[in-house]
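Asks: Quick mapping for you: the protein sequence lines, in order, are chains F and U.
With my numbering applied, the first sequence corresponds to residues 1 to 469, in that order.
With my numbering applied, the second sequence corresponds to residues 1 to 409, in that order.
Where hints are given, some of them may not hold.
[What the hints assert, rightly or not] Heads up, incomplete: computed chain U residues facing chain F, CB under 10 Å, no partners named:
#1 A52
#2 G54
#3 T116
[To be verified] When the alpha-carbon atoms are kept at most 35 Å apart in a straight line, the in silico DSBU-like pairs for lysine-lysine are as follows:
#4 K2/U with K93/F
#5 K2/U with K202/F
#6 K392/U with K93/F
#7 K7/U with K93/F
#8 K93/F with K199/U
#9 K5/F with K7/U
#10 K145/F with K322/U
#11 K392/U with K145/F
#12 K7/U with K202/F
#13 K33/U with K85/F
#14 K2/U with K204/F
#15 K118/U with K145/F
#16 K85/F with K2/U
#17 K118/U with K5/F
#18 K322/U with K240/U
#19 K199/U with K112/F
#20 K169/U with K112/F
#21 K303/U with K145/F
#22 K199/U with K85/F
#23 K145/F with K355/U
#24 K145/F with K7/U
#25 K204/F with K119/U
#26 K85/F with K118/U
#27 K100/U with K322/U
#28 K392/U with K408/U
#29 K12/F with K119/U
No lab work stands behind these hints, which were simulated from the structure alone.
This structure is a prediction, so every number in the text was calculated from the model and none was measured.
For glycine and all other residues, C-beta sits at the position ideal for the given N, C-alpha and C.
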Amino acid sequence: MNKTKIKIALPKGRLLGDTAALLSRAGWGLDGYDEQTRFYHIESKTISQLSGRVFHEKDIPIQVAIGNYDLGICGSDWIEELLAKYPSSALMKVEDLKYGEGALYAASAVGKATVEALRARRETIRIASEYPNLAEFFAINARLKHFSVFPLWGGAEVYPPESADLALVGGTTEDFPPYGLMPISQVLSISAFLIANRESWKAKELNKMIAPIEQALMPEKAATPLKREKRQATKNRYAASEKDVVRLALPDGHQQAPTQKLLEKAGIRLDDYPSRKGNRRPKINLDSVSVKVIRPQDMPPQVANDNFDLAITGRDWLTEHLCQFPSSPVKELADLKLGRVKVVAVVSLELDINDIRDLSESEQALPIRVASEYINIADRYARDNRLNRYRLIPTWGASEAFLPEDADLLIENTQTGRTLAQHNLKIIDTLFESTACLIGSNRQAASPDKKERMESVTQTLRRAAEEIS
Amino acid sequence: MKIQRSKGTRDLSPQDMVSFRLIESAFRDCCLKWGYQEVRTPTLEYLHLFTATGTLTPSMLSKVYSFLDWDGWSGERVVLRPDGTIPISRLYIDSMAKEKLAKLFYVANIFMFEATGKKSRERWQGGAELIGAKPPLADIELVMLALEVLRELKIEDIELRLSHAGLIKTLLARLALSAEEQVGMFDRILDGDTKALEKLKLKRPELEKTIDSLLALKGKPSGFSKELQKIFAEDLPECKPYIENCTRIAEFLEAMGYDYRIDIASGRGFEYYTGMIFQIFKDEEKIGGGGRYDALIPLMGGKDVPASGFALYLERLMALIKPKALSTPQPPRILVRAEVAMAREGFDIAGRLHKAGYRAECYLGAQKEADFDWTVDIKEKSPKFIVTNQSKKKFEAQTADELLALLKK
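Can you build the whole structure from these sequences, using the hints too?
Replies: If you want it as structure tokens, here you go:
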């Protein structure tokens with residue numbers, strides 16, 4: 001029996017249930033990998049050489065391609081996103097697992113566009129997506145003449161028509177299309193796939209290993225056709241065409257509660273924020289101000305591109321944007337003093353490294369793997385500290401679990417440092433402190449009225465922040 | 001840690017550069033003699049320059065090196081130049097649009113991803129573009145220019161293949177394919193799928209005879225025009241102007257004693273071509289090609305200006321030339337070896353020798369006498385200069401003037 005260790009990257013989120021069931025049918029004994037899982041590392045009870053780790057789906061193709069993991073299971077959308085840009089990577093698709101089915105669509109606002117009409121257009125076509133590589137692939141194959149891709153962290157469906165002409169959005173047959181969107185072209189169909197690292201596949205004879213999975217696959221289900229009901233164009237409250245309207249972006253996710261508290265303190269009320277129904281266009285009690293709820297990570301580029309005038313995000317994401325694009329017109333207008341975190345450089349306690357100089361001076365046989373959600377901050381930090389040869393690994397959450405196996409250095413935010421300590425990690429450097437802030441751009445406001453309104457919102461929020469702190 | 005060369009790139013060694021410069025100067029000389037002016041465009045261009053015309057195939061565009069620049073927050077991507085002609089057209093529209101005739105040439109590197117990394121991802125080409133001139137004279141001039149360069153480089157037994165983008169497109173138009181299919185089929189021909197046209201026969205049996213005759217036209221230089229006319233007069237009368245155009249060019253080339261053959265189905269790498277296409281092969285390897293691209297400049301937002309051009313692939317030519325046979329005689333090479341106290345004098349003498357037309361360098365501790373025509377030793381004591389030739393014969397001189405006079409003899 002081959003005793004080589006075999007590592008598999010397992011998805012959390014929408015594919016977790018079906019994946020856990022499949023692996024259990026196949027007798028892989030990965031106990032603890034289930035809906036209640038609190039662990040990131042899982043050892044197999046039945047196959048001694050096998051272990052797994054749970055990742056955000058989006059991380060899995062990268063982890064397998066760079067060889068941190070031999071096998072992985074994730075949606076084909078994330079596999080194709082990697083292969084669209086890196087066709088010669090060491091990633092190979094092994095088996096269509098035939099669950100988690102859906103499709104990725106290029107969609108516009110209802111009644112707004114067709115592929116033919118877009119092909120004829122000479123002006124820039126803005127495409128917003130969590131899948132920037134596939135978005136470029138789509139644009140090139142549709143022979144669009146002039147396009148820009150906005151990479152997003154999420155919420156692409158809320159961008160058309162004001163903030164983008166097209167969104168590349170994934171969906172299952174039941175929930176697609178999101179309200180107000182119409183698919184104009186299917187980019188690819190999605191299902192869960194078993195993937196492998198090409199070198200491991202050969203060296204470790206993985207084909208023998210996966211035979212039980214192939215046997216445990218469920219019989220094929222008949223595909224449900226996509227509903228293509230006609231929809232009325234929604235009358236958006238968000239009226240970007242009026243040049244005096246101030247367009248404000250508010251954060252989704254866990255920043256909603258503190259933001260809502262701040263707004264309340266400032267006397268600003270919203271009808272549905274945070275929204276239980278996932279409403280991303282709440283109404284606000286300020287005249288000529290419109291609101292959209294998007295990911296805080298996506299706000300700086302959106303403000304830079306004049307899709308929003310004001311946005312509440314974190315200084316970490318503003319810094320990340322400015323590290324990538326130093327000439328961007330985005331700037332901080334007010335420190336809102338909420339959600340104070342430190343952005344820190346972190347290594348494993350197991351390493352004899354106490355300071356970033358120890359790492360840059362250490363003799364490395366392999367490139368130093370730098371993992372971070374803040375890929376441009378991490379890049380600049382590695383460069384400024386003269387790390388000899390390094391490789392960036394983008395991550396999407398739970399980055400602390402990457403060390404020590406899957407990365408050597410982590411650039412991460414932390415409030416108290418407790419989570420980091422629990423993972424046997426130590427902070428070797430603090431890059432900067434981050435709080436929530438209001439951002440805007442250097443661009444001239446479209447009218448004196450609008451300028452005044454923006455200044456008033458800024459003042460109100462600044463005062464409320466002072467009072468709370 | 002081993003420092004490595006980036007995958008898919010190559011270094012040009014001193015020997016390689018000798019070959020490279022020989023080709024470059026032959027190309028430059030020929031272009032200048034024909035009245036072309038040299039230009040250089042930036043390595044970085046916006047991606048949309050190459051997508052805007054809608055003519056490059058998706059498979060070609062998916063291999064460009066595109067990325068977000070430091071000020072790319074608008075999502076506007078830049079690329080490492082993947083093509084030579086489109087930037088020249090942009091330059092023409094940008095700053096030369098008032099000129100009725102622009103004859104431009106360039107030597108530039110172009111970048112295209114190649115998955116195995118075995119072939120180079122950076123390639124050099126010498127190209128000439130003739131903007132504002134109509135067929136057939138302009139096309140013939142370009143063919144002659146390209147062949148003249150190859151003759152200067154003493155590359156013999158080359159093969160000239162002609163095709164016509166209009167013919168290929170008309171044929172596809174007649175096949176009652178959907179617009180999408182037509183684009184796809186043309187793309188496949190452009191991507192080098194020579195079987196694409198053959199497969200079409202199965203779809204439209206009634207055109208089988210035409211397609212067969214077209215494909216069979218390969219390698220039949222004489223009588224080409226009559227045969228073509230016969231085929232198309234019956235089946236595809238709308239091809240008449242293209243055939244007349246082809247015929248005139250072919251007749252011209254024939255009259256001037258150039259060998260060529262027709263190869264309608266091969267159009268690899270000619271995305272934006274609208275008229276005559278020519279390709280140059282040596283031992284079944286393509287070493288250059290070009291053609292007419294009348295629609296490109298208007299598609300890029302310029303005026304309706306006819307244009308054609310070609311490029312020669314420098315790396316391929318480098319493998320074909322014999323540098324020794326091409327080099328012009330070089331002036332004698334002299335090693336100047338000065339005693340420590342005379343070091344300044346050594347550099348002065350080297351400078352005077354350069355002015356007198358010699359190649360001269362100071363001794364740095366490692367040069368071998370055998371590599372030089374003469375060695376000049378400079379001493380503190382008389383005789384100040386001792387000249388040694390390759391057969392070890394020694395001559396003496398007291399002053400720099402005497403030394404120069406001695407070398408002249």
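Asks: Checked against the structure, which of the hints given earlier come out wrong?
Replies: 6, 10, 11, 13, 18, 19, 23, 27 and 29
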